[in-house]
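Protein chains in written order, with this note's numbering: chain A, 1 to 139; chain B, 1 to 157.
Note that these hints are calculated values from the structure, not bench results.
If you're wondering where the values come from, they're calculated on a predicted model, not measured in any experiment.
Watch out, some of these pointers could steer you wrong.
Stated by the list, open to error - Some but not every residue of chain B turned toward chain A, in silico, with C-beta under 8 Å:
#, residue
1, Pro129
2, Asp130
3, Pro138
4, Tyr145
5, Glu150
6, Lys151
For each residue, glycine too, the CB sits at the ideal point set by N, CA and C.
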Amino acid sequence: MLKQVVRWSRKKSPWILHLNSGACNACDIEVVAALTPRFDVERFGVLLKATPRHADVIISTGPVTRQIKDRIIRIYEQTPNPKFVIAVGACAMSGCVYRGAYNIMGGLDQVIPVNIYVPGCPARPDAILDGVVKLLGTL
Amino acid sequence: MNDVEIIEKTKELLGDKVLEITSPSPRRIFLKVDPKDLIPAVEVLKNGLGYAYVATISGLDSGENFEIIYHFAKPSSQLNLRTLIPKTHPHVESICAVIPGAILYERELQDMFGLIVDRIPDPRRLVLPDDWPEGSYPLRKDWKYERPPEKIPGGKS
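Please put together the full structure from these sequences, using the hints given.
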């Protein structure tokens, strides 16, 4: 019974943290666009949070630079369990055009575990929403 | 002041410190000086000719030497001050005494080329990551980068 309540509440209010790990800003604009009333993410209970300590889902854009690697691990460790990570955009998936550059570690999965990948350059707001809903479907 | 007048005035003010001065295209002047004459040349450009704004400083690795190009700009024209630094003794004088804003470019020059800028007010690292190994300079031509092996989550399928 308690488990069901916990699962229900977890599913109905995924609070997100928007994290830029070195993106070109295109994916960030799309993430912000997905949060507008036009797409109305709040019907899924999605709420943007300013700190990882309040968030359940980290939505990360961009390739992981060498400078932000340690910081991103710290942000991931600050997020309370259970935590989920969504990699938005081609860069967060594999590094894309930045792959192999001297200051890039590669995709987000080189540094922290990733649950959902959303492809696109940049990913459309619909696609980002679909990724979040797919993640909620796995809970 | 047009290009010819600027060239004449530069020659007049700098005298024999000018190694080479050309104007390859309109409103653009290339001036070459010896590294030891750098500070007087920058002073003359700033106070005598009105080139008070350094747009950027770029470095060039041409095998034997480094070429450092100071891009000076004013609304009417651009002037590129060039100087050759031998790779065996990569020291260049800081121009921060004359133009304080040049410090960011000089710190970047130190990071990316491994040049040593003498008398720089603040020699900390600027653009490279904190855990970057010492003695490895990405913009040198002989620098090789090995990409670390990638992890594939869940393994190959």
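Now the hints, each set against the structure:
| no. | hint | verdict |
| --- | --- | --- |
| 1 | Pro129 | holds (4 Å) |
| 2 | Asp130 | holds (7 Å) |
| 3 | Pro138 | holds (5 Å) |
| 4 | Tyr145 | holds (5 Å) |
| 5 | Glu150 | holds (6 Å) |
| 6 | Lys151 | holds (6 Å) |
The structure fails none of the hints (numbered hints given earlier).
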